[in-house]
Amino acid sequence: MHFGELRHIDVSYDKKNLILSDLNLDIYKGELLSLLGPSGCGKTTTLRVIAGLVDTVGGTFTLDGTDMTHVPVHKRDFGMVFQSYALFPHLSVFDNIAFGLKLRHIESATYASRVGKIMEVCGINGLEKRFPKQLSGGQRQRVALARALVIEPKLLLLDEPLSNLDAQLRVQMRSSIKRIQQELGISMVFVTHDQEECFSISDRVAIMQKGKIEQCDNPETIYSHPACEMIARFVGFKNFFPVEQGKEFGLAPLPNVQDATLFCVRPEDVELSAVSGASLTGTIEVRTYLGDCYQYEVRTKLGMVTLSSSLEPPRSVGDTVGLAVAQENVVFLDR
Amino acid sequence: MYKHRFIALIAILTLAFIFLPLILIVITSFNSANTISIPLDGFSLQWFAKVFKSRSLMQSFKNSLTLALLASVIGIVIGLVASMALVKRPGKVSNTLLSIFLSPSLIPGIVIGYVLFRFLVVVLQIPLNLALILGHLLIVLPFCVRIISASLKELDESIEEAARTLGCPPTRAFLTVVLPNLRPAILSAFMLSFINSFNNIPVSMYLKGPGLNTLPYAMMNHIEYNYDPTVSALSVMLMAMTLIFMVLLDRSMNTQQTRTKITKGE
Numbered sequence: 001m002h003f004g005e006l007r008h009i010d011v012s013y014d015k016k017n018l019i020l021s022d023l024n025l026d027i028y029k030g031e032l033l034s035l036l037g038p039s040g041c042g043k044t045t046t047l048r049v050i051a052g053l054v055d056t057v058g059g060t061f062t063l064d065g066t067d068m069t070h071v072p073v074h075k076r077d078f079g080m081v082f083q084s085y086a087l088f089p090h091l092s093v094f095d096n097i098a099f100g101l102k103l104r105h106i107e108s109a110t111y112a113s114r115v116g117k118i119m120e121v122c123g124i125n126g127l128e129k130r131f132p133k134q135l136s137g138g139q140r141q142r143v144a145l146a147r148a149l150v151i152e153p154k155l156l157l158l159d160e161p162l163s164n165l166d167a168q169l170r171v172q173m174r175s176s177i178k179r180i181q182q183e184l185g186i187s188m189v190f191v192t193h194d195q196e197e198c199f200s201i202s203d204r205v206a207i208m209q210k211g212k213i214e215q216c217d218n219p220e221t222i223y224s225h226p227a228c229e230m231i232a233r234f235v236g237f238k239n240f241f242p243v244e245q246g247k248e249f250g251l252a253p254l255p256n257v258q259d260a261t262l263f264c265v266r267p268e269d270v271e272l273s274a275v276s277g278a279s280l281t282g283t284i285e286v287r288t289y290l291g292d293c294y295q296y297e298v299r300t301k302l303g304m305v306t307l308s309s310s311l312e313p314p315r316s317v318g319d320t321v322g323l324a325v326a327q328e329n330v331v332f333l334d335r
Numbered sequence: 001m002y003k004h005r006f007i008a009l010i011a012i013l014t015l016a017f018i019f020l021p022l023i024l025i026v027i028t029s030f031n032s033a034n035t036i037s038i039p040l041d042g043f044s045l046q047w048f049a050k051v052f053k054s055r056s057l058m059q060s061f062k063n064s065l066t067l068a069l070l071a072s073v074i075g076i077v078i079g080l081v082a083s084m085a086l087v088k089r090p091g092k093v094s095n096t097l098l099s100i101f102l103s104p105s106l107i108p109g110i111v112i113g114y115v116l117f118r119f120l121v122v123v124l125q126i127p128l129n130l131a132l133i134l135g136h137l138l139i140v141l142p143f144c145v146r147i148i149s150a151s152l153k154e155l156d157e158s159i160e161e162a163a164r165t166l167g168c169p170p171t172r173a174f175l176t177v178v179l180p181n182l183r184p185a186i187l188s189a190f191m192l193s194f195i196n197s198f199n200n201i202p203v204s205m206y207l208k209g210p211g212l213n214t215l216p217y218a219m220m221n222h223i224e225y226n227y228d229p230t231v232s233a234l235s236v237m238l239m240a241m242t243l244i245f246m247v248l249l250d251r252s253m254n255t256q257q258t259r260t261k262i263t264k265g266e
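Chains as they are written, first to last, in our numbering: chain A, 1 to 335; chain B, 1 to 266.
So here's chain B without its partners, still in its complex pose (with noise of 0.2 Å):
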């Protein structure tokens, strides 16, 4: 009985450790001090409406929404492809070029952002917004291709062939019968790779310019200068826009599986 106890009491510790500093946002985001502080003082919205006012914390969310957007359908492009050279020709080659695929998730974001400044920008003197995105890539990639490889490596390749037996050119059978069935593991890696490029900060930082900044970017020099709650409110909103996301991409891959649970007639 005690060893229940204390494990339920472990249990509400590490959610209280999760969450905790996530509802303390929240509260202090509806605050009508101009600090962040708890007790509030009272209601306010005034910090929401600051966020759509600020020029460049808007200019930078959508900076970072179009940045995370092209990375991660390129990535999946990528993945897609790299996955399939991968999964249908197993060995020492594909194992030391997917070893390859997956090593910028190994290397600190801070080097790989160095580099890619040292050679895009430097050397090659690429547009920063392009070094931007291929910096971005270089993050997502990891997740694409390994959560993708690992799906099509499930998958039977018979389906391929079978659809090309029944009539379906190779290009046609690709689309209607094997990506269907990847449809999940896209969905996963968009996610993941949505969320990651959306977040980082060390590789941004170096490849970032004048009036071209990532969102994680110019709330932490908000920060650096204001004290107000202003990145709460923001913050809030990212949490409420990262959950509808999830419910949504969880929906979505879901279907089959609500489908099938309405043929059975659950």
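Here chain A stands alone, though its shape is the one from the complex (with noise of 0.2 Å):
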């Protein structure tokens, strides 16, 4: 059994459509999962489901063997990063952090080293007495980290934390969620629907759409074998066709996929290769530079071939170009 267990769960607000449908996840003990996907595919509900901040119309939650589905939010013991960080506008940010522990009536002393343990352990010393409203946005982001970990929550969830940060800062704080969580050794859910973020710092990823989960994987596999052709997208594949065209790419007699109706490939594994001998030949319609190579698209008589190649020197458009694709760089899809 794993740590946390997620089966069937159905919610639904207005008890017409559901929200999430037959949903279910494992979150194992001690990893960074990643719930990705478009907005409105239920990555946040699903969150919210495992915060207890959403009631569920079937479906159990379990915990550690302990079934946590009616059990309400305050008795769960998770700490939640909100994407708007949610903090007391009214309160220091050292009352803030020790906000929780105070409502487990821990001795004053205990907790002040604790919420200086944990300002450490999140990069914030020093700034005890400000009311977040004299917070800059990342300080913010880690005001709400310290004041979700401080509890020592049995697992943490974070609900698109990065979003509000500059761009700069997002790549910093999410090492920093990364390395605190590797320190910590605490099981975390992480919301995003930003894939580099997701598949930069995530143990396992659950890529979601439409209130189900589509692929539930590492970041490495999901990369290299998507499940469909939206994860597919996701991904970076950009070139899609019908399994019956293989042989015009020179591919051989298709493998033993069975079902398979679509085949993919990403732009930097297409290659330019001279007309003659090409299996596939087009012509250039647009270039793109894109600082390490050029990106062209290419019109054939399957339709528009996306590439990107670093060959010197660039061609123009207008030129005609032979296509190749390597078999093992090719991914099959059945839907």
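Where hints are given, some of them may not hold.
[Unchecked claim] Okay, derived cross-link-like pairs now, DMTMM-like style, lysine to aspartate or glutamate, Cα gap no bigger than 20 Å in a straight line:
hint, chain 1, residue 1, chain 2, residue 2
1, A, K210, A, D26
2, A, K154, A, E183
3, A, K247, A, D334
4, B, K88, A, D14
5, A, K238, A, D269
6, B, K88, A, D55
7, A, K102, A, E128
8, A, K75, A, E152
9, A, K133, B, E157
10, A, K29, A, D217
11, A, K75, B, E160
12, A, K29, A, D64
13, A, K29, A, E5
14, A, K178, A, D166
15, A, K212, A, D55
16, A, K133, B, E160
17, A, K301, A, E248
18, A, K29, A, D77
19, A, K154, A, E5
20, A, K117, A, E107
21, A, K133, B, D156
22, A, K212, A, D14
23, B, K92, A, D14
24, A, K133, B, E154
25, A, K102, A, E152
26, A, K102, B, E160
27, A, K212, A, E229
Derived by calculation from the structure, the hints in this document are not laboratory data.
Combine the two chains into a complex, taking the hints into account.
Below, the structure is given as structure tokens:
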């Protein structure tokens, strides 16, 4: 049995449309699990089900063998970091962080040292007396994190914690979060819509669409073996073709992939080759400079093919080129 | 340059328009003559003493004070509960409800007073003092609902959820996290409610009765039959009271800002 288990979770806000339908998810002990998906896919709702902030219509949630489905929020002992940080505006940073400890009737000397320790871990020592209004976005984020961590939660839930930060700070914060997670060995569930952010720090990623989990695996597996077209697009595949057109690319007669209807390939895995002898040729219609390479959009008899190549000198718009794809770089999809 | 002078002139005239009557009342209240007149015959505090001696004025002052306090406090409690419901479930229904809550401020007080009199006093035979409280509740409710719901809308609702995830039961989360952040709104709602209830004549006029009078109405009665500066003296005391009241409220509203300034070392 896993540390946390969501089984057959159904959630509906209006008793008609299901926001989550028959959702199953495992949480391993000490891992950073991400919920990734486009907005409206139900990832935040899933997190709120775990937190106990949303009532389920059906299904169970167990943690460490205990049924938590009907345990009220304040008895769950989970930390949560909200997208808006949700710091208490009328309390100082110290009182914000100590809030959960005071509720647990811990002696003031003990909680003061625990607050001090966690502030150091989160890199915000010295800000004790400030009020949330006086903090920068990154500092607020760290205070929110410290406040959730100081109660030593069984599970830490983060709802798009980085989406309100600028790009540079986001990269810095996500490695801080990863470092803290490893330091404390805490299990985390992290909601995000940013694929790069998600893949860079997660031990496992659950990709969601329309209230269901489409694929849940480690980032490497998802990156190399996406389970469906949506995920393939998410992880950078740009060229999708029906399986029957495989031979036009010079691919060997289909391997033993049952039920495959599509195959896809990344732009960087399509190679430019000489026109003569190429199984597929086309004309370059658009060329974009991407810094380390050029991206070409090539019109072929199968439709547009997007590829990137660092070939020097670059080909020009209007050139006719041959295209080649290596068999091992092709991914077959059944939907 | 001329334009600036013109603007300054208008500003001075406007301020004079606002403050001159008040200043005149303050001056006449210290007159030793028994008419409201300028120049002063001599300096005297007799009219102030007369206010405290007048049983009808003192009794109606107590009535108005109790009435304004009760109406404001009840109004704030209802306003708080109503705002929470309106803000948490936005939509057509809550917009309609908000309009209903605000409607007493659009209906002339004289109409409200008349309707309440016909309905509460004549038909339902409700005691006058209760009817008076209900009437004033209608006057203050729009202020309470509008001010508190506006402030609640601004407040990040996830702070309540954050408190709950940290181990706070729902009621306590509301009391320790939401309520303190609504304090400025509650105080200003209280201030506006109190002043509007305390000043009200149209509604009180219908619902007052034998032995039950409010201060503004008692003052009107007094002026009708006396031309002495007693009412001036009373007005000066009311102004002073309002001023103190406002300064105190302003202070307590700004405590958080002051606290932040102290920590900044300003």
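Quick rundown of the hints versus the structure:
1. A:K210 to A:D26: holds, 19 Å
2. A:K154 to A:E183: Holds, because 15 Å separates the two Cα atoms, which is no more than 20 Å.
3. A:K247 to A:D334: holds, 18 Å
4. B:K88 to A:D14: holds, 15 Å
5. A:K238 to A:D269: Holds, at roughly 10 Å.
6. B:K88 to A:D55: Roughly 17 Å separates the two Cα atoms, so the pair holds.
7. A:K102 to A:E128: Roughly 16 Å between the alpha carbons, so the hint for A:K102 and A:E128 holds.
8. A:K75 to A:E152: It holds: about 13 Å lies between the C-alpha atoms, which stays within 20 Å.
9. A:K133 to B:E157: It holds: about 17 Å lies between the C-alpha atoms, which stays within 20 Å.
10. A:K29 to A:D217: holds, 15 Å
11. A:K75 to B:E160: Holds - the C-alpha atoms of B:E160 and A:K75 are around 15 Å apart, at most 20 Å.
12. A:K29 to A:D64: holds, 9 Å
13. A:K29 to A:E5: Judged against 20 Å, a Cα distance of about 11 Å means the pair holds.
14. A:K178 to A:D166: Judged against 20 Å, a Cα distance of about 18 Å means the pair holds.
15. A:K212 to A:D55: holds, 17 Å
16. A:K133 to B:E160: Status holds; Cα separation ~18 Å.
17. A:K301 to A:E248: It holds: about 9 Å lies between the C-alpha atoms, which stays within 20 Å.
18. A:K29 to A:D77: Between A:K29 and A:D77 the Cα gap is close to 16 Å, so the pair holds against 20 Å.
19. A:K154 to A:E5: Roughly 14 Å between the alpha carbons, so the hint for A:K154 and A:E5 holds.
20. A:K117 to A:E107: holds, 16 Å
21. A:K133 to B:D156: Given pair A:K133, B:D156 holds - Cα atoms ~13 Å apart, limit 20 Å.
22. A:K212 to A:D14: holds, 18 Å
23. B:K92 to A:D14: holds, 16 Å
24. A:K133 to B:E154: holds, 14 Å
25. A:K102 to A:E152: holds, 13 Å
26. A:K102 to B:E160: Within the cut-off at roughly 16 Å; holds.
27. A:K212 to A:E229: holds, 15 Å
In summary, the structure agrees with every hint in the numbered list given earlier.
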